[in-house]
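Undergrad: Just need the whole structure built from these sequences, with the hints factored in.
Residue numbers (this note's numbering), protein chains in the order written: chain F, 1 to 104; chain E, 105 to 344; chain R, 345 to 656.
Straight-line alpha carbon distances no greater than 25 Å define the calculated SDA-like cross-link-like pairs of lysine to any residue that follow:
| hint | chain 1 | residue 1 | chain 2 | residue 2 |
| --- | --- | --- | --- | --- |
| 1 | F | K18 | E | T341 |
| 2 | F | K18 | R | G412 |
| 3 | R | K383 | F | V25 |
| 4 | E | K324 | R | R384 |
| 5 | F | K49 | E | T259 |
| 6 | E | K324 | R | E385 |
| 7 | R | K383 | F | D40 |
| 8 | R | K611 | E | R187 |
| 9 | F | K9 | F | H70 |
| 10 | F | K18 | F | Q8 |
| 11 | F | K18 | R | E377 |
| 12 | F | K18 | E | Q338 |
| 13 | E | K324 | R | F393 |
| 14 | R | K383 | R | E364 |
| 15 | R | K383 | F | G41 |
| 16 | F | K18 | R | T409 |
| 17 | E | K260 | R | D546 |
| 18 | E | K271 | R | L390 |
| 19 | E | K260 | F | M1 |
| 20 | E | K324 | R | P388 |
| 21 | R | K600 | E | G172 |
| 22 | F | K49 | F | E2 |
| 23 | R | K383 | F | P15 |
| 24 | R | K600 | E | G161 |
| 25 | R | K649 | E | S158 |
| 26 | E | K271 | E | I292 |
| 27 | R | K383 | E | A321 |
| 28 | E | K334 | R | E382 |
| 29 | E | K260 | R | V542 |
| 30 | F | K49 | E | R265 |
| 31 | R | K600 | E | Q211 |
| 32 | R | K600 | R | G613 |
| 33 | R | K611 | R | H653 |
| 34 | R | K623 | E | R187 |
| 35 | R | K383 | E | Q338 |
| 36 | E | K301 | E | D109 |
| 37 | R | K649 | E | R189 |
| 38 | R | K623 | R | E650 |
| 39 | R | K383 | F | L99 |
Read the hints as simulated data drawn from the structure, not as lab findings.
Here the structure is a predicted model, which means the values were calculated and not measured.
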Amino acid sequence: MEILEIHQKAARRAPGDKSHGITGVVASGDLEVLLERLLDGTECEVNVKTSVEGFGDVWRAVVNDFIERHSPGGLRISINDGGARPETVSLRLAQGVRLMEADR
Amino acid sequence: MMLDDLLNALFPSHDTQVEAEGILCGTAQYGQDKTAAVVGLVNRTPLGVDGALSLAGHVLEVIRHSPGRPIAVLIDAQSQRMRRRDEMLGLNEYLAHLTKCFVLAGQRGHRTVGVLFGRAAAGAFIATGLVQDMLAAVPGGDPVVMDLPSMARVTKLPQDRLEALSKDTPVFAPGLDHATPIGAVAEIWNDGDLAEKLAMALDGQPGAPDRRDEIGAERKGRLKAAAIAKRVAQEATAHA
Amino acid sequence: MNNAFTKYRTWSWYEATARERVANLLDRGSFTEFIGPEKREISPHLALFDLPEAFDDGIIVGRGTVRGRDVLLAAQEGRFMGGTFGEVHGAKLVGLLRYARDYQDAPRVVVLLLDTGGVRLQEANVGELAVSEVIRAVLEARMAGVTVIAMVGGRAGCFGGGGIVVGIVAGCCSRIVISEQGRTSVSGPEVIETNMGVEEFDSRDRPLVWRTTGGKTRRLLGGADAYAEDSIDSFRDVAISLLDRIPAFDLDTMEKEHARLTQRLEKFGQCHDTPEIWKAMGIAEPDRIADLSDEDFNQIAQAQKEANHDAR
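TA: Written out as structure tokens, the structure reads:
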């Protein structure tokens, strides 16, 4: 298993009031993304646990791109990965932020 | 241990027979002139629709005709019968029916005590062994979910790796020395007077709530289950 | 159910994840989850095998309302390790059922969205024990007056997997709702083939697998109490329709179940494949059951004596 931790400041706080949300499933080619509105200001944290080792650079690129596009400030994001492709990772992260925009 | 030797060791006297499909039935004396019903699945027989129905029938007979009589359940089986015919006819319902009859017996005041003296695997173990008020084992008892070679095939891990891993945890490999710490087997009757141990077991409380997860925690073989189950109720009542 | 079977155009039960099923089955916004993923109660045993964990260990438990009615609910995620029972997974379900058993002001209905290939091999012993504890907890809850409804329509039976498939647990519930895609059995098809050979059971013959253990067969034989279309709306409506006729778990019910299971073996015990059974039941086109629409099938099922009983 490989564990990656990415800390980054986003441009803005993620909108919405939802305290936590989850999307995706830990299955072959998929991943689950747990989002928690826990951090101050525009801080963002993405923690990845993956069974596919050696792709740290790809993860960092995908996550940095996601943070730039979606500004998930204030969110701690935790991922259990089942070997998803980068496009699937991007999709789940975007879905996650949308989930968090809800009122509750 | 052979069935006859076990019966003679467990009971001062008994009147039992083995019917079709390895189904044992009859009665026996225990303790001070008390009578127990004796049923079981023996002769290393897999449990199919016919055997499950027959065994359930014997349990229902006890409930109907012998109020308060405890039931000893002797087990030397295999797994469930792996046949297309049995699955087609609804093996899951027959095994569920048998399981329900044992639980009903306990609820109606018939203490149920399983004695594992041979193999019991998967669905057969669930329906004849794990369902009882108390499950004991004697040497030779061999509880299995899946044999290690099959497990190695399905998990795609080499068998010797699995064997090595199983030394560190009772959680997956077959055997009595794993089944006991997790709470599946209450007692192993290694030595001493089997008849006395069984008599004491048969006099125990019928139909008590299932505490095996707490026993697994006490024995340190199953560290999370009891606490998680309790937490659910705590969160549920907090949100009520 | 006497009304016409309407066509639903909403979520496929089969395709949906467990969370999607929960969100769309319950009234919007009514769900409270117990030991949710943010609590991170993961399996302590998968790391040994270098396998990824799920934050909820593949099962969601909680409470909500269905058309205003309070229910407790558990939903297995069939895509995580085949929806299999591990220590934590099983304990969450046991805890939910014991809560219903013990607290008189808990909801009196528990809905089990079962989607499981059985016991998680990496946790085989504790997983199997958990299945036994679930069974005991279901029956103890029923004895305390709780209704437990199994809903079977997911995909986890497709995965290999070890011992016990959802079948025994379902058979202990008060009622079973199943769709065409759903299957209940004890041994998975691959396990039978591996142990007994392909002549005994060809696990890749999908029509055979569904004829043997699939939803339509279960419904007609009386192994399921109601048949739903593959949609969350249908499962909801069908489950609600069952609520006013729930068998008690007692001696009378077990005697009746014993009688119907005895009759089943007497009448059909010699049949080799299901069309023979349907023929013996007097069904008009016994070879066409698999081709029938849900609506046509449901009409036939509602007319069969064996399919409709209170003996569970």
